Amino acid sequence: MTSIANGLTVTEPTPAADAQPRRRGMRSSRKRQLTGLAMAAPAILLIVTFFLVPLVMTFWISLHNWPLLGRHRFIGLDNYQRALVDPGFRTALKFTVVYTLVITPILFVLGLGMAFLVRRKVRSAGIFQSIYFMPVCIGLAAGSFLWLYLGQSQIGPLFDLLRRAGLVEPEGNLFAGKWTGLLLVIAMVTWKVVGLQMLLLLSGLQSIPDDVVEAARIDGAGRWQLFSHITVPLLRPTLALVLVFSVAGSLLAFDQFFIMTRGGPSNSTITAVYAIYRTSFISFKLGYGAALSVFLMVILAAVSAVQMLLLRNTDHG
Amino acid sequence: MAETTLSRADAGTTPAPATRKGSTGVLREVRSSMPALAWWVICLCLAVAFLYPIWVMLSMALKDPAEQGQIPPSFFPHSPSLANFTHLASVQGLNVFGNLANSVVVTLAATVGTVLVATLAGYALARAKFWGSNLVFFVILATFMIPFQAIITPLFMVLKTLHLSNSLVGLTIVYITFNLPFGLFIMRNSFAAVPSTLEEAAQVDGCGIFSALRNILLPIVAPGLVTTALLTFFASWNEFFAALILITDQTKFTLPVTLTLVTSGDFGTVDWGALQAGVALTIVPCIVIYLLLQRYYVSGMLNGALK
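Those protein sequence lines, which keep their order, are chains A and B.
So in the numbering used here the end of the first sequence lands on 317, straight run, no missing numbers.
So in the numbering used here the end of the second sequence lands on 624, straight run, no missing numbers.
Just to be clear, a hint being listed does not mean it is correct.
Coverage of chain A stretches by chain B, computed from C-beta distances (three or more under 8 Å per stretch; other residues unrestricted) [claimed, not checked]:
1. 190-202
2. 287-295
Now the stretches of chain A that chain B is said to cover, found in silico as 3 or more residues with beta-carbon under 8 Å [claimed, not checked]:
3. 52-64
4. 128-140
5. 147-154
With a cut-off of at most 20 Å between alpha-carbon atoms, the simulated EDC-like pairs for lysine to aspartate or glutamate come out as follows [said to hold, decoys possible]:
6. A:Lys-121 / A:Asp-211
7. A:Lys-31 / B:Glu-517
8. A:Lys-31 / B:Glu-516
9. B:Lys-446 / B:Glu-516
10. A:Lys-121 / A:Asp-210
11. A:Lys-31 / B:Asp-522
12. A:Lys-121 / A:Glu-214
13. B:Lys-446 / B:Glu-517
14. B:Lys-477 / B:Asp-566
To be clear, the hints were calculated from the coordinates, so they are not data collected in a lab.
Only a predicted model underlies this, so the values are computations on that prediction, with no experimental measurement involved.
Here a beta-carbon is modelled for each residue, glycine too, at the ideal position from N, C-alpha and C.
Model the full structure from these sequences, guided by the hints.
This is how it looks when you write it as structure tokens:
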């Protein structure tokens, strides 16, 4: 069939009855390609101008002493050398890591617990899902302003609850202590984010086939064995995803500390992004700020890669 | 919801005395209804914890000036008033309603822009492939990996060169760019899922690319469109970091950045009532839209995350 068709088109010496549509076909496919390119052009233009160019410039600027006004000067890798020994940036990095290490397990355990809780196929479970997920649509900044009031000394309702429970002094100030301020931020972020973790883990749980669980149960697996031998291994891709989400999000934390603690007390809650913001837009050392940004990108990429690798490898182990 | 709880709990416990099996029977009955009861108690406690901050916000926003400074704070506004909202027009010398308008304009423009650009490019990358189109898709997806916080300094300089710094137009363009990878991903997959015979049939009938796109494909990919629009809406409406850096003129601030000025009064002089009124203006539209379009938003979050 195909050979006949081929023969027909190739050995077509006579009038253009057949060639005509074919040429039109080729022309229209080229036209279609050009149309496609034209349709993608706005997206390409935007990504190149406002993403790729700034990305390349970040590296370029980081090799300069680059004040906001006045001339910039090429200084090679000096900015990077300086960043490695800068106590301010080190403290900020250390704090960011501590924050990430504290909040990730909290979100993870709570999210998993809530996913198990609302897994039931009853209407009320669906309603609870919607309630727990609701703060996810609220902005981090708006949530921070809300919790700033909640925890405010004396007039804040949450402060009042804690005072009644005897957990804070009547005249105390939660934002004056490094750890109490951090705890408030963690409470706010958990309230705002944990619904998403719950939802992701829930969809992972629901993708585990019922017959696998049933088979294990018939084989006499207890509740804990079921969890550790069936649920966790089959949930691994989702677990990896949830971890990457919360680690990447925490390493980039800014809004909540800028608004709720303002980096205080005495600069103890300055995060990496906060440090970059202060370097570039308060001190206007753009070159140095760019070098810090490159560090942040590298750290973030490395952490994500390691996490993915770890969780993917053990999958086969 | 509270009613169902009660009836559920009752249903679990009432049969126990009725059967009169002696104390061990009652105990067994109570014990067997414990998990259901515990489930309800835990779920309701969590629900209260999640809704409490929102209640506090609304309550504070509606308190009159005399009540909002009370120590300890009252639980609900005893004489509800809109004084905090009217005060937003003058708090700290700002007109927050002007900033609200900025937020509305930037968010709507960014949403329409992202949907438009992502639909055109999504169609092209799925259906009208050109030389290098796969590379384009790959590069755009790769931008997911890079946090925009890291490139904000040069972005500021690029905008300055284009005379778009400190301008709402510039901010809108930045939001479109940041939301584009996600939107493009969703739209390309939506178009790729439509059988190509459908479009071919339209072309045989004499439809051009654009009329086929508008009349036949768009209704089919509508869920993708709504998801893209919703995600862009929430991201732009709530965005803080870029708005804080790229806009320097107070009258051009968006709502979240404006609220930092409301809190920046000297300690003790912060107008907490007005602040919560401003927070309510920021949060309530999000919650209303979430409740109306929950299905699309949730599926979008899952799709985007689970790629």
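Unmet hints by their number, sorted upward, for this structure: When the structure is compared with the hints, none of them turns out to be violated.
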